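Q: This is what each chain is made of:
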Amino acid sequence: MFDLDAWREIFQSINKNKLRAMLSGFTVAFAILLFTLLFGIVNGLQNFFTQAFVDDADNSMFVRTWKTTKPYKGLQSGRRIQLKNEHLDYILEEHSEKVQHISARKYLNVRITYKTKQDNYSIRAVHPDHRYLEKTIIDEGRFINQLDLNQKNKVIVIGRLVKKDLFGERLALGKYVNLNDISYKIVGVFSDEGGDREERNVYMPITTAQMLYGNNDYIDNILIGYNPRLTIDRAVAFGNRLERELRQKLNIHPDDQSALFIRNMAEANKNVGQLTTALFFIVILVGSGTLIAGIIGISNIMIFSIKERTKEFGIRKALGAKPGSIISMVVKESLLITSIAGYLGLVLGTFILSQIGDGLEEYFIYNPSVSSGIVIGATFTLIIAGLLAGYLPAKKAAQIKPIVALRAD
Amino acid sequence: MIRIEGLHKSYPIGKDSLHVLKGLDLHIKEGEFVSIMGSSGSGKSTLLNIVGLLDEHDVGNYYLNGQLIEKLNEKKAAVLRNKFLGFVFQSFNLISYKTAVENVALPLYYKGVGRKERLKTALEYLEKVELGPWAEHLPNELSGGQKQRVAIARALVTVPKVILADEPTGALDSTTTDSVMDLLKGINDEGMTVFVITHEEEVAEQTDRIVRLKDGVIISDELTESGKAKAKQYV
Ligand SMILES: Nc1ncnc2c1ncn2[C@@H]1O[C@H](COP(=O)(O)OP(=O)(O)O)[C@@H](O)[C@H]1O
Ligand SMILES: [Mg+2]
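Just so you know, the sequences run in chain order A and B.
Counting from 795, one number per residue, gives the positions in the first sequence under the numbering used here.
Counting from 12, one number per residue, gives the positions in the second sequence under the numbering used here.
FYI, nobody ran anything at the bench for these hints, they're computed from the structure.
One or more hints might be untrue.
Claimed, not checked - Computed, partial: chain B to chain A, Cβ under 10 Å:
no., residue
1, L64
2, Q78
3, I80
4, V90
5, L91
6, F98
7, S102
8, N104
9, K109
10, K122
11, L183
12, S185
The structure displayed is predicted, hence computed values, not measured ones.
We treat Cβ as the ideally placed atom computed from N, Cα and C, and that holds for glycine.
Extracted from the complex, chain A is given alone in its bound form:
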């Protein structure tokens, strides 16, 4: 029930004992502020790590080969390992249900000439799925398609910066350029969030590249997007299994990381997940520490202030105050101070976090913020602590015989 007179008594008591109110208010506000900042910063760390992996699709696997470092089945070490179409086909045949996207990648370095302008660029010869695996954004035209693959079309998709180099602001789509004296048609322009380096690439059909440059079925890397329905653990297992199978097919020692290696985002995700979990526990630990410190702070102040007021309570009782009215006065006072101070701490904390924004990115903290649920929960914890911290000693004080309370000083 809202009793204006009771609140007037409380406001007066707070107003006339500002130091006491400020002390307990400060303790609460500070605890909530620390709590908010702490949670916010850990959130920022998480945001940073999540963001750091968004360039490539987060379900991607990358098969790369180099030279063997271990002799195997009578074969010398130092042997150069070459992936071929058959390996990609094998993955598709054996593991089709685990694969969402797949693409080969073959690298070429060519000189591209348009009218008077020319420069060296790196070419990636790929399958159509590559755009999903690299998260390529098509700005104009289209990406490499199946028809290009079938017909071994001489078409390319150029990066935004390649277009800028060769064409400036003019139209590039549909124009023909020379790659080492072979004429290709530009069918698309792309951009990529991975940065400038990515946007200096040029894509062409893998079949075209294999026919025109070496006339073989060689590929440099295989990119796989595993089925997103796989759990992280199963995706990790899939990557390991594929690694084993490919090593076997290529007569590589099962442990030869250098000869053939699969970089699996599932593992990175798993690590990020573990890091996040670890951070979460740290936060729980430090956060509850902060809260407990705050709770102890309020309790101490309340106990002290109630002791200080024992005589006042004795006077009030001699004048007819019932124990309940004394308890309710103290508890309401404690409640009022903790909730106002808690709210201030909360507002200040969220304000500071919002000011930080992305200003701490170099410390791996990005866009720190807190979910309102957590902070409101923390504030309520402190308010309840404030209630108890007021209630327990007040109850004790209210039960003291007035004659004893009056003698206190």
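Fit chain B with the ligands to the given chain A structure using the hints.
A: Only chain B with the ligands this time, still in chain A's reference frame:
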């Protein structure tokens, strides 16, 4: 108004106990002006605190306004105190952060009187003790005598049956002592029962009846000159 029969009170001191009141019998009728005399430590305050329901007795009977006082919890005691009793203490016991008028109004707050009426009544009583102009002052801006008059106004404001005063002049000089005693006399003249503790003979002389306490026993209980005069009036 106040009837005490065979009242005993001891305080525990460590394992022992200190027997302070050793079987008191006392009857104070409504409208009396009684003082208790005795040297320091004779048990005067203990008696007054029991009468004032601030403390409990061990053995014996105590009737306040005809009601037997036993097994009172704090809540019931608070109601009875608020209704029947007004306290004046040697050390004033004003609440330091409240103004004079707020201090006087406080018992009315616990009686459940609305704020406006509370402050109006409180001001009337402050005027009665000639402190109207000091209504908005804090206790530490008042002299000892003024503080005690505020305390008396506070004791009176609920129109209690009995005013209990524990050495109300103990902290005052002789002129202010006289003014406080005049006030109490005036209150008694209006029909209120007044029960004063003192160890000053001159103060006791101004009451109607002096009860002398020594080592927890009543050694004498006599009317003063004024008491005798009043008694004659009524006969
Ligand atoms: N709460 C208490 N605990 C122990 N002893 C007490 C307590 N209150 C009073 N006394 C003792 O009881 C005796 C009587 O005290 P009191 O009634 O205050 O005397 P007076 O008011 O006559 O000076 C004193 O010896 C005092 O020390
Ligand atoms: Mg005394």
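Q: Holds or violated: is the Cβ of V90(B) closer than 10 Å to a Cβ in chain A?
A: Since the shortest Cβ distance to chain A is 7 Å, the answer is holds.
Q: Was the hint right that L64(B) lines chain A, CB cutoff 10 Å?
A: Constraint on L64(B) satisfied, holds at 8 Å.
Q: Should the interface hint for F98(B) be scored as holding, given a Cβ-Cβ cut-off of 10 Å against chain A?
A: Because about 5 Å separates F98(B) from the closest Cβ in chain A, which is inside the 10 Å limit, the hint holds.
Q: Under 10 Å is the threshold here; is the Cβ of L91(B) close enough to any Cβ of chain A for the hint to stand?
A: holds (9 Å)
Q: Would you settle whether the hint for N104(B) is holds or violated, based on the nearest Cβ-Cβ distance to chain A being less than 10 Å?
A: Holds, about 5 Å.
Q: May I ask you to test the interface hint for I80(B) with respect to chain A, counting a Cβ-Cβ separation under 10 Å as satisfied?
A: Violated. Min distance 14 Å.
Q: When the nearest CB of chain A is found for K122(B), is that gap smaller than 10 Å?
A: holds (7 Å)
Q: Using the nearest Cβ pair, does S185(B) come within less than 10 Å of chain A?
A: violated (26 Å)
Q: Do the numbers back the hint for Q78(B), that is, is its least Cβ distance to chain A under 10 Å?
A: violated (16 Å)
Q: Holds or violated: S102(B) as interface residue toward chain A, Cβ cutoff 10 Å?
A: This hint holds: S102(B) lies near chain A, its Cβ roughly 9 Å from the closest one there, short of 10 Å.
Q: Interface hint check: K109(B), Cβ to nearest Cβ on chain A, cutoff 10 Å. Holds or violated?
A: Since chain A brings a Cβ to about 7 Å from K109(B), closer than 10 Å, the hint holds.
Q: Against chain A, with CB atoms and a cut of 10 Å, does the hint on L183(B) hold up?
A: violated (19 Å)
Checked against the numbered hints given earlier, this structure breaks hints 2, 3, 11, 12; the rest are met.
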